Structure formats: C-alpha cells, structure tokens
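Protein chains in written order, with the working numbering: chain G, 1 to 336; chain B, 1 to 336.
It should be emphasised that the hints constitute simulated quantities derived from the structure, not laboratory data. Remember, predicted model here, so these are calculated numbers, not experimental data. Hints are supplied without guarantee of correctness; some may be wrong.
Treat identical chains as interchangeable: a pair holds within one or across any two.
As the list claims (entries may be wrong) - Below, in silico cross-link-like pairs of lysine to any residue (SDA-like), each with a Cα-Cα straight-line distance of 25 Å or less: (1) Lys34 / Lys123; (2) Lys123 / Arg21; (3) Lys311 / Asp116; (4) Lys67 / Cys139; (5) Lys67 / Thr136; (6) Lys2 / Trp324; (7) Lys34 / Ala47; (8) Lys67 / Asp116; (9) Lys34 / Asp48; (10) Lys120 / Ser306; (11) Lys308 / Met183; (12) Lys34 / Tyr196; (13) Lys24 / Thr299; (14) Lys123 / Gln259; (15) Lys123 / Gly36; (16) Lys2 / Asp61; (17) Lys123 / Glu288; (18) Lys291 / Glu263; (19) Lys311 / Leu322; (20) Lys34 / Cys149; (21) Lys2 / Lys241; (22) Lys120 / Thr69; (23) Lys311 / Gly46; (24) Lys113 / Ala16; (25) Lys34 / Val92; (26) Lys308 / Phe213; (27) Lys2 / Cys139; (28) Lys292 / Glu5; (29) Lys2 / Leu58; (30) Lys2 / Thr70.
Protein chains: 2
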Amino acid sequence: MKINEIGEFGLIDLIAGKVKRSRKYQPAAWQGVKIGIGDDAAVWQGADNIELATTDTLVQDVHFSLKTTTWEELGWKSLAVNISDIGAMGGVPKYALVTLALPGDVLVEDIVKLYDGMLKACKKYQVAIVGGDMVTATCTIITVALWGCLNSGDPLTRSAARPGDKIAVTGFLGDSAGGLALMTGDKIVDTSLTKYLRTAHLHPEPRVNEGQFLARIGVKAAIDISDGLVADLGHVCQSSKVSAIINTEKLPISPRLKQVFGERALPLALFGGEDYELLFTAPATVMETVKKESTCPITVIGEITSGKPEKVTLLDSRGKVLYWERGGWDHFLSSH
Amino acid sequence: MKINEIGEFGLIDLIAGKVKRSRKYQPAAWQGVKIGIGDDAAVWQGADNIELATTDTLVQDVHFSLKTTTWEELGWKSLAVNISDIGAMGGVPKYALVTLALPGDVLVEDIVKLYDGMLKACKKYQVAIVGGDMVTATCTIITVALWGCLNSGDPLTRSAARPGDKIAVTGFLGDSAGGLALMTGDKIVDTSLTKYLRTAHLHPEPRVNEGQFLARIGVKAAIDISDGLVADLGHVCQSSKVSAIINTEKLPISPRLKQVFGERALPLALFGGEDYELLFTAPATVMETVKKESTCPITVIGEITSGKPEKVTLLDSRGKVLYWERGGWDHFLSSH
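Based on the sequences and whatever the hints tell you, model everything.
Listed below in structure tokens is the structure:
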C-alpha cells in the first residue's frame, strides 16, 4: 500500500504504535518521557525541570509558494509555527536548530532575508538559533527543531479534555485561510483588507504568553489551531476519548473576514487552518477565571461531551446540526 | 550570487556571522548558550546539567541511493549520524525527533522497515523517538534532531586543539568510502570483503562510549569524521586557529581496504568521509593515558602545530610533503 492511500494521520498512527511497542525493549531510555508522538510537542523530565521539543517543516509548493511569500515572511513563519507548538503546551521556547534543503540556484541574498525573518521571530520570542544543517535538494524545505521548558504548572495536552469542559479559543479564526484564498487569486478587495488577511496568513503571532498563562491558571487541555478548528478539535477528542459540540454562531470571526468573504467566512473559520490560535478546554469555573484574567480575547465556542467518541458536532444558531465532510488538511491523501 | 557559488561552508559562515551579531539584541535568550553554530552539536547550560543538540539530514540521491541502500539501513544510518555528533562532544544521546519528507507513492511497508532500522539504533544507543513531522515532497529526505546531556567532564569541541597536541583517531579510516565506491560499481571483489566495506558505509557504529571516555579522561578537542579526515581536521584547525601535520604512513587502514583498493586505500582514508570515527587531540601525557585505558583501537597520526593557520600538511613515510587539492565534501559547490 502506498502512503498516499493511508494518509498522513494513518501513517503517523502506524509509526506511533510501532515506536510505542519498542518502549518495552528500552525502558531506561523512555523512563523520563512524559509525552511522546501525538501531541504538539514531546515532553520529558529533565534534570531539574520539564523540557519540551517539537519540529515542523515547511515545503515549497506544499506549505508555501515563493510567488506569494517573501523569503523574510517565510523565515518568520518557519520559526513561528514551531514556537506555537511549544506555546500550545504552556512552554517557554528556547533553542532552535534550522535545517535548510535548498536548490543550488537559490540566491545568497534570499537566504539572508530568510534569516532576517527568522531572527525577528527569535527576537520577539526570545529564541536562540544554536545550530542546524544545510543540504541540496530539488525544492526548498525548511525544518526547525525547537525546544523549551515549562516554568510553571503542568504541560497543556491534547488528552486532558473532559466531558463538561467548556471549549474556548483565543483571537479570531479564519483570517489566515482568508489571506491564503486572497493570495491564490480568490478575490480582490481594497488594500488594507488584503494586507490584514495576508498578514494573518504569513505573519502569525504564536500565543506563547497565553499558553503559559493557561498552564499557570490550571487549564489542562490545549492545542494550537494549525490544521483547522474542526480538525484540531477532532485531535483533542481523539486523544481525550471524548466528543465535542461547537455552536458555530459563537465563533470569533473578524469583521474584516466577514466583509470580504460574507457567508464563506464561517467555513473558513471552521476548516481553514493555520490560525495558530489556541484551542483549549476547562471546567466552567476555571474558564470564568481565564476570561476574567486573560489579556487576550477569549471566546467560549462549545462544550466537551461524552457522546459518540471522537465526534465533533456543529450546531447552527437554532441548535440544528450542520453536516460537514472535510475535516482539515491531510498531507498524503490523494483525494485532496 | 547563487548559493552553489559560495558553497555549503561559505553559506554556513555567512549565516553563523549573522546569527552571532543578533546575540547582542537578545542577551537573555543567549545567556545559557555555551556553543552555537559551528561544532558537531550545540551546547547549553540546562537547569542542572549541560545539554546538547544536533540535527543531520539525509537527502535521496545526495546522501543515499535507494538502489544501493535498503530502507532499514537508511533508518539505522539516519539515527547513527546524529548519535555520532552527540558522541563526538562526549555526550549521552537521549531524545530524537524524526522528520520525513516523502513522495506519496512510497510504500507503507518501506516506512515500517525504515523505522525498524531506526529503532535498532535507538535500542543500541538508548535513544527514544519522541516526536517528528511528516510532509510530502518530490524525493525522500530524512531529518533527525537529537539531544542529549553531558554526564561528566567538559564537552569535546573543535576549538580546543593546541599546538603540541598529538592527533589521534579511533578505529579504521576509509572503509566507508571504500564501501561506497564498491556500491557505485567501482570494483567487484569477493563477497565477504564487499559485505565488510558495505557495512562500514551503511551501518556505522558511532563512538558514543569512546566520546564519553575521552571527555571523562580530560581530552578537550574532538570531531567525528563525516566529511573526511583532512576536511574534518581542517575544521578543527580553523576553529582552534592552529595547523596540523599528518604522517600518512601511520593512518589506520584496514587490511581489507588495502586488499581491495591497493594504493587507493590511502586517499580513501584521507578524503573519503563518513567513517564516523572520532578524531581528537590532546597533550602527549593525556594521549598516553588514553591509549592505555581505551577499549577501542587508538592511533596517533600526527601533531597540532602553530604554523600557517588552518593548514593541514600531509607527510609521506620519508617526511616528504604530499600535495593535495580536494579537502572533502561541500554540498553546494558546483565544481564537485
């Protein structure tokens, strides 16, 4: 069977199972591991604190196009998507390794711009680029490995959602997908709107402080929204063995996304992906404290239930179930 | 200018300089960093111990060919080359992130074999695969990020060689390059010889225990031989601002390499690369202790000098200088 027949998540499940089974042959190596494959970041017990690590890759013409993205924007984003993974666990990002696979005819000045973007993200989020690798390839691929530590609380995980928890998100949803749609020629609007949505896609600002705040205040379950709200909530439900209901009328959609996309704003917010906002769940009392003390906008959009496992139900404003087919982005499935 | 005009090392120098200059804008982020870009692994001060991290990438048809390498061998090697980098700093490898860039038509069973090879290396060297990423691409690229810690002594670095130090290596040199030459159709010999040399290339056994032993006993300078003896000794000389003399007659060359390649064995040992043996330097007294207490073969092959900076001089058995042009492997230079 080919990998595009079982898809990215099928292949990850298969490998995760294989790696998990190997643990019994090397118990010493796994002794300190708290979270392995399957969350936003790996977590282990360090000598004196909890440590985290993650890696994320951007492939030319899969994750970005050099026709619509500048090298500097690409640099920012390649760091930001990794920083977001550490943030989604409540961690503090610290040290990065950068691997570049590059065709030989890429211009040196473009690589300088790429690092300009990376170093801007490093400056904002206090990350140090301490190493990496450089290889030739037929297209540009940027891989960042990032680790960090946990300053307080437990790591936020995908597996800690419990029935009765409220579901909330930070910020707005769908702007990034709107920006991508505009860049790929979807629609032309006035410049300030284009700029706002394009920036949402190319210059995401990971919620690192918010993740640390959530961990400190006692929230246990979170994920960053990279595959899309419904898909990522699905990941949480799968890991936590629960289900979820979303009241779609409550989704935080920016006035600007509505202005440009009208009724299409809702599907963009539900399925669009790459928002890099945090999706988290907590009991109602904890959620009240979060809403009171958070310095960024928090919107409660639904509830975790004990219904049919791993099912995400979407309700419209009258409580009627909305049916949907596509749940996000899967890299290998040939049907996409 | 295109990157294949300044080459891999030119580009790394340029980026390392840029990253270094950024340190002054973010002193807090760099506070704990002991070694950044430019050694086998990055080193920082953790909460209670010294931590290390490295990353290494294998690209299809650049670093390996699926015509001559099985998926399982590829899995072993992708871990081993990273484990070797941690070993060369005297560290203990611990946790790995594995990123696979794969064409959609790769077979699932081949990825299973790839992980069989990885998990064998994990078992032998007590490494846990705790996460990774998976993306589509036009060719297969395997990136491993690995970190570890230092149990005793200081990290072994490229920058600690001093004039008067003896230069030594572990094991044999050139077998891996011999294996590669055989696999790419260079020569046909009897099966046991082919197997031995092929294994040296595809199944390197990183010198992790030896690296830890060297750090413990007080050796300060080391590198693993991946680019080739002369090239890697050149890296040490460059970082340490010293020069080196190699007595080529002293190089540890296996009888089997000599049997197959005759006079070509020497250039293979000097320039071949991918031996993953350790090259290290130490004052004569320390070197005596190393030779006495080491459990693996150690050969002294030359001496660090204060001559013309960064120059590696090769002497033949009569003390005559041998001239050479090519110093190893550079990924981007179009002349190769």
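Tell me the hint numbers this structure goes against, listed in increasing order. 3, 6, 10, 11, 12, 13, 14, 17, 18, 21, 23, 26, 28
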